[in-house]
Amino acid sequence: MKRSRYIAQKVGWALLTILFVITLNFFLFRVLPGDPARAGVRDPRLTREAVEAIRVRFGLDKPVINCFQSLNPMETGDCFINPLDTQFFIYVGNLLQGELGISYHTNRPVADMLMEMLWNTLLLIGLGQILAIVLGMSLGVLAAWKARTAVDHGALLFSLTAWSLPTFWLGIILLFIGSSYWGLPIGGRLTPGTVYNTSIERWLDIGNHLILPTLTYTIVFLGEYMLIMRSTLLDVLSEDYILTAKAKGISTFQILKDHALRNAMLPMVTIIALNLGFTVTGAIQIETVFSWPGLGGAIFTAVNRRDYPMLQGAFLLIAISVIFANLAADLFYSYLDPRVEDS
Amino acid sequence: MSPSPPPIRSFWRTFRRNRMGMVGAVMLILAVLIAVFAPALAPYNPYQPTRVTIDDIYAPPSPAHPFGTDDAGKDVLSSFIYGARVSLIVGFFASFISVVIGGVIGISAGFYGGKLENGLMRFTDIMLVIPDFPLIVLLVALTKPSLLNIIVVIGLLGWTSSARLVRSQTLSVKQRKFVLRARAIGAGNFHIIRRHIFPLVLPLIVVNTVLVISLAVLNESALSFLGLSDPTKISWGQMLNFAFTRGAMSAGAWWALVAPGLGIVWLVLGCTLLGQGLEQVLNPRLETHHLSVGSKMVARMMGMKEKPSEVKAVSGD
Amino acid sequence: MSSIVEVTHLRKLFPVKKGGLFDRQEKFVHAIDDVSFTVERGEVLAVVGESGCGKSTLALTLMGLERPTSGVIQINGQNIATLKGKEIQVVRRHVQMIFQDPYESLNPIMTIADIVAEPLKVHGLVKNKQERQERVIRALEDAGLKPALNFMHRLPQELSGGQRQRVVIAGALVLEPELLIADEPVSMLDVSIRAEILNLLLELRQMRGISIVMITHDLGTVGYVADRIAVMYLGRLVEIGPALQVLQQPHHPYTRALLSVVPVPNPRQRRERVILQGETPNPINLPPGCRFHPRCPVAQPRCQETDPMLQPVAAAHEAACLLLSSG
Amino acid sequence: MSVTDLSTDFLLESAPPAHALVNVSFTLREGEVLGLVGESGCGKTTLMLSLMRLLPANGRITSGTVNFMGQDLLDLGENAMADMRWKHIAMIFQGAMNALNPVQRVGDQIAEAIVQHNYIQEKGVVDGRVAELLDLVGIGPERRRQYPHQYSGGMRQRAMIAMALACNPQIIIADEPTTALDVMVQAQILELLDTLRQRLGLSILFVTHDLGVVAEMCDTVLVMYGGVTVEYASVDTIYNDPQHPYTRELLRAFPDLSRPTEKLASIPGHPPRLNALPPGCRFAPRCPAVFDRCHTEQPALHQVKLGHWASCHLVERM
Amino acid sequence: MKRHYLILCALLLLLLAACGGSQPTTPADSGDTGSSSQTVTTPAAEAAGPVIVRVGWGGSPDTLNPGTAVLAEAYTIFELVYDSMYQLQPDGSYTLELAESVDVSADGTVYTYTLRDGITFHDGERLTASDVAFSYNLYASQEDFPFLPIYTSYFDSVEAPDDKTVVLTLTEAIPNIESQLIYLYVLPEHIWADVPDAAEFENTAMIGSGPFKMKEYRQNEFVSLDAVKDHYLKGPQIDGAVFQTFDNPDALVQALKTGQVDMITEMPNTAVAALRNDANVQVVSGPPLSPSVTDIIFNVVTPENCPPDDGICTGHPALQDRNVRLALAHATDKQNIIDVVLLGLGAPGLTLIPDSLGDFYNDQIQDYEFDIALANQILDDAGYVDSNNDGVRETPDGRDLIFRLNWPSDSVDSPRMAELLAGNWGQIGVRTEQQSLDPDTLTSICCPAFDFDIILWGWGSDPDPSFLLSVMTTDEITTGTNETGYSNPEYDELFVQQATTLDDAQRIAIIHRMQEIAHHDIPYIIPYYAQEVQAFRLDRFRGWLTDAGKVALEDPSSLLVIEPVNR
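Residue numbers (the working numbering), protein chains in the order written: chain F, 1 to 343; chain L, 1001 to 1317; chain B, 2001 to 2327; chain P, 3001 to 3318; chain Z, 4001 to 4567.
Be a bit skeptical, because a hint or two may be false.
[What the hints assert, rightly or not] Computed footprint of chain B on chain L; a stretch qualifies when at least three of its residues, placed anywhere within it, have a C-beta under 8 Å from a C-beta of chain B:
no.: 1; segment: 1186-1198
no.: 2; segment: 1261-1268
[To be verified] Listed below are the simulated DSS-like cross-link pairs for lysine-lysine, each with C-alpha atoms no more than 25 Å apart in a straight line:
no.: 3; chain 1: L; residue 1: K1233; chain 2: L; residue 2: K1177
no.: 4; chain 1: B; residue 1: K2086; chain 2: B; residue 2: K2121
no.: 5; chain 1: L; residue 1: K1115; chain 2: B; residue 2: K2084
no.: 6; chain 1: L; residue 1: K1174; chain 2: B; residue 2: K2121
no.: 7; chain 1: F; residue 1: K10; chain 2: L; residue 2: K1144
no.: 8; chain 1: L; residue 1: K1174; chain 2: B; residue 2: K2146
no.: 9; chain 1: L; residue 1: K1115; chain 2: L; residue 2: K1174
no.: 10; chain 1: Z; residue 1: K4215; chain 2: Z; residue 2: K4229
no.: 11; chain 1: F; residue 1: K146; chain 2: F; residue 2: K10
no.: 12; chain 1: B; residue 1: K2121; chain 2: L; residue 2: K1115
no.: 13; chain 1: P; residue 1: K3263; chain 2: F; residue 2: K257
no.: 14; chain 1: Z; residue 1: K4164; chain 2: Z; residue 2: K4229
no.: 15; chain 1: P; residue 1: K3087; chain 2: B; residue 2: K2146
no.: 16; chain 1: L; residue 1: K1233; chain 2: B; residue 2: K2086
no.: 17; chain 1: F; residue 1: K257; chain 2: P; residue 2: K3087
no.: 18; chain 1: L; residue 1: K1174; chain 2: B; residue 2: K2086
no.: 19; chain 1: B; residue 1: K2146; chain 2: L; residue 2: K1115
no.: 20; chain 1: B; residue 1: K2121; chain 2: B; residue 2: K2146
no.: 21; chain 1: L; residue 1: K1174; chain 2: L; residue 2: K1233
no.: 22; chain 1: L; residue 1: K1177; chain 2: B; residue 2: K2127
No lab work stands behind these hints: they were computed from the structure.
Just so you know, even glycine gets a beta-carbon here, dropped at the ideal spot from N, CA and C.
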């Protein structure tokens, strides 16, 4: 009962956040300097008529919102315009149909392009996150358990340093080491031109290409998870119920497993969720360094080519993914922490 | 009886013993010194054009250029020293903006509560979920990549964590009885915030600022990497950007990459260590537990209240 | 001598978060429900009860820190329930509060002098540093911190618990109040030093004629300090009367039970204990009739229907129980 | 259980070790309730954790024996000791909210101890035992599926007691089990403990600072101050014939409802910090009957009469 | 225990994966096996596997639709997969491709092409004259194709009287028909006729008639092509080609070094020295097959030429004075810029018409010498003196010679060039305020707004100079193509003349004259003509065209002739 209300509330907030992101996304591109139509037209050989044609094609000739022809509040226009015939509603309407506009750069629907890349990014982020979480937490548990010993200090120093590394810098160094000494592929997702006899071969190829990006990703994010795990676990381990468990004659391993970890997981889940937004930063850099065909690389390309619909779409997709991931984490949290039910 | 030391001095006494924090502070101070005295320290002025030849480009380290030269034949050491300035300016000012916004939002939300808090924190939650970096990229790409824009954009988007932290700290300070006492003696909101809330939230804000600096520095370097920095300003990120786009690795000029990269690591690590150290001193998380060493237990068993100050008193005596 | 405090039909409700999405009915915590009493000048009134009975809310309401939902609180003849900002400040100067936890109620980064001087600054009562200094010293020494100069520049955490509580008291004294509200002033202190704080309060009453409302759950000490005792249960006064009478001849079954379970530090005095079963019910869903009836050892059917009023049982001694009227 | 000359030190960073416990000896007989009394920081908790060998890692037991069931607990291997805990010596902690794992069902936490020590595997049997235990402490067995936060303070303490009884231990160490509870709930818990003791023949080591509770619950009392035994005697002797000035002062400072008008006394000063102990008698700085020797020489525990021990130079002289 | 297990597991996983990666060919032995696959191919597949040349590049086609494509990468693929009427050869000449012969009418307006026999599309359908006519008419009629209509602007009609004959009628005789037709790729009518909106067609199947056919295309990942061994002209010697995208220029070079690709189409010039030391690698450099030019744009628009609608025209007045521009030209050390920015891999530039345009390039022009003293003298003489001794000269009416200097933020080299220019010009008392701008903002301040002083930018061109020449005509000021605002009636006149002069030599003479005018008037300083730098491995393929005068190893002319080393 109460959990259902908690869930409903979280879902509600997620939807509201998405709405906010959509609105922000729309206005960002219109408030900031630069004509969105002009932005797509880089070739000075295009005629004024052609520019106007593009404006019409992208709906940019319509008023921004009902009364405003432009975002300049001085320039109010006719208020009897059909509100559904304004840029904002056209935009939202298109969104609802899964249309994110046409890329200025490739002339393809942004949604299609993003979908192709989304899975690649999810693969990279997913694998990297899982490894970083598992390794980071293991290291954190080890450090907390051996608090104030050489093991702890070593792990701490390693994690802090790993956290401080600029992702792209680590990536480029690993790229050179990995390709020169370990014969690992330099970039891409597949070895182009290869004929795969089975899908296992194909996946092995993908896996081989994933090693370096994942390694970079893992190192960069492992540090933070380790630090958090260590400190929450230290907190949890100094709680009285740990002493109770110890007094019950329960072995250290079982205490860690049954009592400490589950309680320490609570802040971890929250932080992992909040961290998801941050992981995108890493993904952009890693995908660019390793030419991984994902959303991050797409953002890099789009930035370079000033492909605004693409940027807009990628940002929206990433934001929505992160919002949903957060929602999932919240729901997972409610499952982990029985106190949620009565909050 | 001799007058006891003021809080700042007793803080320093404890902090001095915190190895992590001290190392971080030294690292950070060193970086600041390098930045401040750049003109005196740098063998050349990287902003001053000099005549170079092909042989000067990516020249390996030599007595004339201890860190070698970069893709424009400039002395890497000098750029490195001057680069500290921009990296630090971005770090400090962006985090200053973030922390001021976060502090104001956090304190007002935490202190006034009610609808204001609800609104502010919901907004914070929304901003917290939105991935920062793509938005930073977007905004910098949409505006023009000048140093000021970068600082403002990084600063404007970095406040969420500060706001949450400050709010929760404000809430916990507000719960403490001395705030109720201040109310009981008839103090107004402003007085309470100024005299009781702010001074006690301040240490946390300082810790947070230090950590936000490291994030801002990392963000600046990532922006540079994406080609979204001001190319006329030499920062470590900018140096890396030139090294990447102009093939330092392929040319075998590792020195052009290593110095600025390590500079960033140095600065970020310094901030992180200092932040962690400060946090340990100001809010001694117990580095110990029932399965291990225990100063909290010891403190409790030795009759000390479980208050940070008490624990400090034990180790400080 | 007129009363310094007159509370009549005081009521304080806290709204609780609405239930479900379709549960429109708002619920309330009945923290204080129709409470009336007076405090005479120079008197020590102890308000006793278990946690959740509303005694802390009573303290905050008396201080003007919580607005009563209804009822009248007259302090020095002025109803603070209706006063506005500035006026309340003036009244507040005469009412000061002492808190339970001396570790918590002092700002750890302010010196003792600053803490004690703070009320003076807030109210803008002194013209110059010198006068402030003098008043701070006087307050500290009155609170037993002698010589005051030894303490003024120290920080709270450098003092022991007892000394801190004295600082809190000094901070209250500096405004020369007429009424002190002491919320569990000694419960966080070690047994060995409780008496000195209680004795200090009594001394102040003697020296300055200050009235004291002492909120406490510790029945052991009330007899020692209080002139009168008020017993609260679930937001209600169930018994009020002279301290000795209440302690030795309690009339309300709740008071009787409460007194019977207080441990006595004498193994030779084993008494019959009345141990009430269950726990104090939730103050949101109050039982009908007498609030105490579900746990009352002598409850009768009519207790479920009629809500008893306070009625005199002896001189200046009242209790709220239906059984009393029938004999 | 008999404890002799138990001493515990804490190793401190940049300071000499603190002697938190010095030569404490006592005997806990079957069915006896031994009260351990003292102000905060007098070494009560250290003693308790030393007995269970649950000290934090910088705590060191430096001497003494703990004889129990014909063995010295201090000589047992870690596994044997782990087996000893709860099966034979169980504990009840202060503040049961913190002592119960917030994310585990109460029933499961009780069952954990049973499974750990009795190796009962069948779920039904364990379940039955949990229900039985909860029933024993007056909690409806259906509430075993609930989490600690759904319990009230008193119920949590009851659940703690049920947990302590899980393996039918001979000894229960109760560390301030009623502190922070309301007086009525305290009475309920004390009554429950008393009933259980009589029914199950438990020995209880009752740690508290509340002299009233001690008077009502205990058979013998051990008064501690600054890590040393101050006085050790039967409860009647302690209250009616205290020998040590500290005991006397403490009793005078404790309010007695039966004598409401009697003037309360206080002991000026505060208990010593364990890393800054006075050289002589640890109580000397606060003692009303102090004389020169007290500042230089630590008094030994002296038997005043049979079963009554006190450590004071005054007692020795007699 | 479990914890250790977890860590161990993860480490094992990584190790296994790493081992899996290092198992296959190392760079040293990859040449011997001739294996195309780096990692996964089983030994059996390796022996019998197809011989595929792996090309690394920094981009990816923006689209496979020839009508809407912009990027050079797309045109590379078009060249391989499609055929057109003419083929541009690396030496700059044109050969007939689809047609075996052409007959031009006496007045030069009717071209009758006879197609070769046996041309088929990759899906097996025959390529006939009607496909050609359909394609040309499509390009001419599609308004949403941004560039191609330019090449069809002289078309009057295209007809296919029979399967083998295409009759192209022009509105007037033009000199450069070949260069107009090379980008008009012939598309299969049986596919494109059914496409509802040609501008939105993604064309991923990409059926063409060229020597390679599309196998797999993943945008921003790779393009994989199969060889058409029985192509009607000359089938490739190899079995296929893949183009792999590397976002990072260093990664591109590293991929070549480690043998993960056989050829790279671009690289940072800084890597050249290191690659030249690699025995397995050969670096080639020279003028690019696709001409391009880097320019320093001066805002010289006069008030009367300021575009009435869009013009803001805030240029520094001093730049209107040729003396100032001349001084700047004399104060520009082009060789130093080439050394630092290009590491020597470029030639000093003269005008917008680069050396890669072959005969159209006028190499007889004497460039302004780098001479600071002379430059100072010129400014002194023209009345620009530093009267207030702040190191910056002023115009006679007292305005400082401080110029805004902008460049596109996506340019790697411009910031370095700007630094050097600032140094050079600083010596003659000219200061710059530097700012990089994103290309859109730059476009918006550039032209036709003329809200700038100096911009560093560049142009790409087709093999005919018409377009580059048009950039300096008065007519293009309002359209924004003329980015300097330069206007010279004599030049405009010559531009019209060259467009209709059919005789090659005569046309070249006019164009040379136009360059002289432009060079004399200095609306631009052209710092350099950059060379194309490419590199390939020697251990797997041989026969790359390295001595053709221009460099484009990814061009069909190279990919058709290379063959495996060990065959």
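Check: Holds or violated: are the alpha carbons of K1115 (chain L) and K1174 (chain L) at most 25 Å from each other?
Finding: holds, 17 Å
Checklist line | Satisfaction of hint between K2146 (chain B) and K3087 (chain P), Cα-Cα up to 25 Å | finding: violated, 55 Å
Item checked: Restraint status (C-alpha distance of K1233 (chain L) to K2086 (chain B) at most 25 Å) -> violated, 56 Å
Next item on the list: With a C-beta cutoff of 8 Å, work out whether three or more residues of the segment 1186-1198 of chain L approach chain B closely enough for the coverage to hold.
Entry: holds (count 6)
Next item on the list: For the pair supplied as a hint, K2086 (chain B) and K2121 (chain B), confirm whether the alpha-carbon distance does not exceed 25 Å.
Entry: Roughly 15 Å separates the two Cα atoms, so the pair holds.
Note to self: Need the status of pair K3263 (chain P), K257 (chain F): alpha-carbon distance at most 25 Å?
What the structure shows: With a Cα-Cα distance of about 55 Å, the restraint between K3263 (chain P) and K257 (chain F) is violated, given a limit of 25 Å.
Note to self: Check whether the Cα positions of K4215 (chain Z) and K4229 (chain Z) lie no farther apart than 25 Å.
What the structure shows: holds, 14 Å
Checklist line | K1174 (chain L) paired with K2146 (chain B) [C-alpha distance capped at 25 Å] | finding: violated, 31 Å
Item checked: Given pair status - K1233 (chain L), K1174 (chain L), alpha carbons within 25 Å -> violated, 45 Å
Next item on the list: Assess, step by step, whether the Cα of K1174 (chain L) is no farther than 25 Å from the Cα of K2086 (chain B), and give holds or violated.
Entry: holds, 23 Å
Notebook entry, point to check: Between K146 (chain F) and K10 (chain F), does the CA-CA distance stay at or below 25 Å?
Noted result: Not OK: K146 (chain F) and K10 (chain F) at ~38 Å, beyond 25 Å, violated.
Notebook entry, point to check: Can the restraint linking K2146 (chain B) and K1115 (chain L) be considered satisfied, given a maximum Cα separation of 25 Å?
Noted result: Outside the cut-off at roughly 47 Å; violated.
Hints 2, 3, 7, 8, 11, 12, 13, 15, 16, 19, 21 and 22 from the earlier list are contradicted by this structure; the remaining hints agree with it.
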